[in-house]
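Peer 1: Here the protein sequences line up with chains W and D, keeping their order. Letter 174 of the first sequence, counting from 1, is numbered 174 in the numbering used here, and no numbers are missing. Letter 132 of the second sequence, counting from 1, is numbered 132 in the numbering used here, and no numbers are missing.
Source of the hints: derived by calculation from the structure; they are not laboratory data. Please note that the accuracy of each hint is not assured.
Treat identical chains as interchangeable: a pair holds within one or across any two.
To be verified - Taking lysine-lysine pairs in the DSBU-like style, the calculated list, with each CA pair at most 35 Å apart, reads:
hint, residue 1, residue 2
1, Lys49, Lys189
2, Lys4, Lys180
3, Lys49, Lys161
4, Lys76, Lys217
Protein chains: 2
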Amino acid sequence: MLFKQLFELESSTYTYMLACEESGKTLLIDPVLETVDRDLQLLQEMGLKLTHVLETHIHADHLTGALKLRTITDCKIAGPALDNLPCRDIGVQEGEPFILGSIQINPLFTPGHTDHHHAYLLANNIESRLFSGDALLIDSCGRTDFQHGSPEDLYKSIHEKFFILPDDTIVFPCHDYAGKFSTTIGLEKSENSRIGNNRTLREFISIMNSLDLPFPKKIDYAVPGNELCGKCPDNIPEEKSKICSEDKQG
Amino acid sequence: MLFKQLFELESSTYTYMLACEESGKTLLIDPVLETVDRDLQLLQEMGLKLTHVLETHIHADHLTGALKLRTITDCKIAGPALDNLPCRDIGVQEGEPFILGSIQINPLFTPGHTDHHHAYLLANNIESRLFSGDALLIDSCGRTDFQHGSPEDLYKSIHEKFFILPDDTIVFPCHDYAGKFSTTIGLEKSENSRIGNNRTLREFISIMNSLDLPFPKKIDYAVPGNELCGKCPDNIPEEKSKICSEDKQG
Chain W
1 MLFKQLFELE
11 SSTYTYMLAC
21 EESGKTLLID
31 PVLETVDRDL
41 QLLQEMGLKL
51 THVLETHIHA
61 DHLTGALKLR
71 TITDCKIAGP
81 ALDNLPCRDI
91 GVQEGEPFIL
101 GSIQINPLFT
111 PGHTDHHHAY
121 LLANNIESRL
131 FSGDALLIDS
141 CGRTDFQHGS
151 PEDLYKSIHE
161 KFFILPDDTI
171 VFPCHDYAGK
181 FSTTIGLEKS
191 ENSRIGNNRT
201 LREFISIMNS
211 LDLPFPKKID
221 YAVPGNELCG
231 KCPDNIPEEK
241 SKICSEDKQG
Chain D
1 MLFKQLFELE
11 SSTYTYMLAC
21 EESGKTLLID
31 PVLETVDRDL
41 QLLQEMGLKL
51 THVLETHIHA
61 DHLTGALKLR
71 TITDCKIAGP
81 ALDNLPCRDI
91 GVQEGEPFIL
101 GSIQINPLFT
111 PGHTDHHHAY
121 LLANNIESRL
131 FSGDALLIDS
141 CGRTDFQHGS
151 PEDLYKSIHE
161 KFFILPDDTI
171 VFPCHDYAGK
181 FSTTIGLEKS
191 ENSRIGNNRT
201 LREFISIMNS
211 LDLPFPKKID
221 YAVPGNELCG
231 KCPDNIPEEK
241 SKICSEDKQG
């Protein structure tokens, strides 16, 4: 298996590339519109052809690169079936492995940041990797104050789907804002300042409800745009017009 | 061996943590002043105690975290012996492995970005990793227009010290500005747009001399500050006074 972690600096988003060398099947998890060209250049350099995009959830802070990637490469777009998005080709759900050649990816239904959020677990004989989306972040977790988020649901998701995994499971999140790239289940169970060290549900709800975060700058057009798999909506702000004109041409 | 790659977002600098689990010896390669607290928190969470800092060169775009780290942890500061910096504890040079418990790191004298630049090669039976500093970057290389830089020297360094390594050597650079984290010797030999694909020395010199890059914003105080292992000089700009006051207290 080939694996690459990539970063989009404006939204601090991690995109993950997985490829099955035997079959040539190649996947990007959570690609970003702004970095589509970089991603395609990388795949070309590595002699790979994109076959699939897989989304963890409908993002509110950036536009997905899914649609632009499909337009260029004819790849399939996959994401949670619960999202019920006509623009996607494949709906995934817990209990039904997503197969990428010889790689098996297990979707984990993990609501709380959004109501349909899924994480993806890659487990083989050597190691276990969790693509945790915006559910579990490094020493943090996804916010729960919009898109039908719920601290109760997120607490349950993290405890029942993540904290039961082996301590040495490597966790690759969708974001980090402090330049960290990955963590482990063991570390987050003991050290995560919001939900680790045996925090109770009541403590967690209190922490999440006190965050008082500003809304993401792009939320007004990122959510409807991502419900179209990354098509810029008409009301996009002037400063983003370049990206959108590229996208509309793409 | 434990390994972590870390990122400082303002200067797009990668810091690398290596630790020998048997001996507890723990190293940071090219730490940044702004992220000292994050680095120490990470080590604490992992149950590690910093024993060494290792510099690839005297940086011009950011201040090293070396001195602040030593003040807090009593670690040793290492870097190229040629730099001849009284603030450092250990001078390294090619041909003399730097030993970190059971980990052997081979310094490679690789001038061109600066005249004393060293890269560090970690090779064991399983894999080969190169910490290439600012000599070789992903699809790029370090600039050669100050600090006694020289495109001729850099061409020679990359060809004679890096391109002779196995193609699957993973290259971890000191910077990337496009959200890529690592590359391989094979990929850079074939694809690097400045020096790959059999570019001649003459072509490389022409490319490097045409870059016309602005000077790094911090160069005036970063270079003298890093010659003191990361002590903020007196003439630091107002907007950085917070960092320096923290450093002076530290």
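Peer 1: Give a verdict on every hint.
Peer 2: To see whether the hints hold, each was checked on the structure:
For the identical chains of this complex, Lys49 and Lys189 are inter-copy neighbours only, at 21 Å across copies versus 37 Å inside a copy, given an alpha-carbon limit of 35 Å. For the identical chains of this complex, Lys4 and Lys180 are neighbours both inside a copy (15 Å) and across copies (9 Å), given an alpha-carbon limit of 35 Å. Taking the shortest alpha-carbon separations for Lys49 and Lys161, both the intra-copy value of 32 Å and the inter-copy value of 32 Å come in at or below 35 Å. In this homomeric assembly, Lys76 and Lys217 come within 35 Å of each other (Cα to Cα) only inside a single copy, at 29 Å, whereas the closest approach across copies is 44 Å.
Of the numbered hints listed earlier, not one is contradicted by the structure.
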